[in-house]
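Based on the hints, put chain B in the right spot on chain A.
These protein sequences, in sequence, are chains A and B. Residue numbering for the first sequence follows our numbering, beginning at 1 and increasing consecutively. Residue numbering for the second sequence follows our numbering, beginning at 1 and increasing consecutively.
By construction, these hints were calculated from the structure, which means they are not laboratory data. Built from N, CA and C at the ideal position, the CB exists for glycine as well. Hints may contain errors.
Here's a subset of chain A near chain B, in silico, CB distances under 7 angstroms, partners left out [to be verified]:
1) Phe39
2) Leu46
3) Thr107
4) Gly108
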Amino acid sequence: QQQVKQSPQSLIVQKGGISIINCAYENTAFDYFPWYQQFPGKGPALLIAIRPDVSEKKEGRFTISFNKSAKQFSLHIMDSQPGDSATYFCAATYTFGGATNKLIFGTGTLLAVQP
Amino acid sequence: NAGVTQTPKFRVLKTGQSMTLLCAQDMNHEYMYWYRQDPGMGLRLIHYSVGEGTTAKGEVPDGYNVSRLKKQNFLLGLESAAPSQTSVYFCASSYLSRGLAGGSSYEQYFGPGTRLTVT
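Bound conformation, chain A alone (with noise of 0.2 angstroms):
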């Protein structure tokens, strides 16, 4: 059973512009929304993540937005640069407890940003 739904599956931005990457979960007992990044040939790597007691997190070009009455996530990248092109991976976990910070991921966004 898929918990963390991703969209689009892929996306075209041109130099510049803003890229946005949704994430919707089912799991009210998610804390923890991490975002990794993927290049071609390597293992996915660390973003960002935010957790559900802030709506926005922020990074140099990189947001997360967050709203937890729709249970929805979203990665902004602004600014967009082809070396950004990249596949993009959401993911949740819990936290508290007895938690061994399994990472449900989505499904993965191709980002490519055109020049």
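Okay, now just chain B, sitting in the frame of chain A:
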């Protein structure tokens, strides 16, 4: 500091053959994980370990076995490979609890992957 390493990088197996994928980490992480990545499916957890000598099933454990005899190593075994196990396999590791050096306690550090083809 090599981080998370995986061997081999590529492997081709015939149906029914067996093999072991090795994951090693030098960050003294308690938790280790094995994922498979398939097109359109994202990353799915196969097995994981919360410490030396302990393992547990993830989302898609059938056809795989694991062992964690040493804290720094996590082995993934395929006893009788099937074409459905053609995939890219990633190992990851993370800290047990907040406060340790290296940043967020919940970040998983991934290896470079092993591309396995079963014919």
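Okay, the hints, checked on the actual structure:
The restraint placing A/Phe39 at the interface with chain B is violated, with a minimum CB-CB distance near 11 angstroms, outside the 7 angstroms limit. At its closest, the beta carbon of A/Leu46 sits 5 angstroms from a beta carbon of chain B; the interface hint therefore holds under the 7 angstroms criterion. The beta carbon of A/Thr107 is positioned within 7 angstroms of a beta carbon in chain B (closest approach about 4 angstroms), and the interface hint is therefore held. The restraint placing A/Gly108 at the interface with chain B holds, with a minimum CB-CB distance near 5 angstroms, inside the 7 angstroms limit.
Comparing the model with each earlier hint shows a violation of hint 1 alone; every other hint is respected.
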